[in-house]
Amino acid sequence: DAKTTQPNSMESNEEEPVHLPCNHSTISGTDYIHWYRQLPSQGPEYVIHGLTSNVNNRMASLAIAEDRKSSTLILHRATLRDAAVYYCILRAVSGTYKYIFGTGTRLKVLA
Amino acid sequence: NAGVTQTPKFQVLKTGQSMTLQCAQDMNHEYMSWYRQDPGMGLRLIHYSVGAGITDQGEVPNGYNVSRSTTEDFPLRLLSAAPSQTSVYFCASSYWQRNTGELFFGEGSRLTVL
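Chains R and C supply the protein sequences, listed in that same order. To convert a position in the first sequence, counted from 1, into the numbering used here, add 1006. To convert a position in the second sequence, counted from 1, into the numbering used here, add 517.
Pulled out of the complex, with its shape left as it was, chain R reads as follows:
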């Protein structure tokens, strides 16, 4: 199973942009890159996903490297409510049907 690597923790000031990196050097050509976040005492929630092109939604943007070996989740203006653990995972289209979560990045937002 392809794995992802993320920094254990990051800090950001409120209302500043945050760039959360993820390395996935063993990604296969058909793996989708998914991001989830887990707020304190809650289950994870979907944030965004992509395959090759950069993606935007109301929550965040996803920038995918041209070789797809890394990606970056971008929160354009961090708020205190964005303090959470962010997980980057790979979703295979076929074959193994596993969503494998790593340890994620704990984002601390400073007021």
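Any given hint could be a false lead.
[Stated by the list, open to error] Quick list of in silico lysine-lysine cross-link-like pairs, DSBU-like style, CA-CA up to 30 Å:
1. Lys1104(R) with Lys1114(R)
2. Lys1114(R) with Lys1009(R)
3. Lys1009(R) with Lys1075(R)
4. Lys1114(R) with Lys526(C)
5. Lys1075(R) with Lys526(C)
6. Lys1075(R) with Lys1114(R)
Source of the hints: derived by calculation from the structure; they are not laboratory data. A quick note: this is a predicted structure, and the numbers were derived from the prediction, not measured.
Start from chain R and add chain C according to the hints.
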């Protein structure tokens, strides 16, 4: 909108007891899965299913059984609880055939084994 429903939310067991964590979804998702999350740790996949009658092991399947007799339900059984199984358990489901495959999670079931 019910989404993914887990019961019970809290449970205390004694070592050696058995119990079943229930998970139900009303979104007609093919894919369902169970994760455990130990304090301060990430999620680890226990078992998953891609449809009724089909189940497979995840990263940490030992000590747990699952079955998938209907599309809606995916119960997780602990046959003989051990203190090492003290954790928060999350059930998640998604469409599998669609490209999005967004996972929807339940609120979690906190299990303590004494």
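Hint check results:
With a CA separation close to 29 Å, the supplied pair lysine 1104(R) and lysine 1114(R) stays within the 30 Å bound. Between lysine 1114(R) and lysine 1009(R), the direct Cα distance comes to roughly 24 Å. Compliance with the 30 Å bound is thereby established for this hinted pair. Simply put, lysine 1009(R) and lysine 1075(R) have alpha-carbon atoms about 11 Å apart, close enough for the 30 Å limit, and the pair holds. Proximity of lysine 1114(R) to lysine 526(C) is assessed by CA-CA distance (about 28 Å); at most 30 Å being required, the pair is judged to hold.
Distance restraint check for lysine 1075(R) and lysine 526(C): the Cα-Cα separation of roughly 39 Å exceeds the 30 Å cut-off, and the hinted pair is therefore not satisfied. Of the supplied pair hints, the one linking lysine 1075(R) and lysine 1114(R) holds, its CA atoms being roughly 26 Å apart against a limit of 30 Å.
Hint 5 from the earlier list is the only one contradicted by this structure; the remaining hints agree with it.
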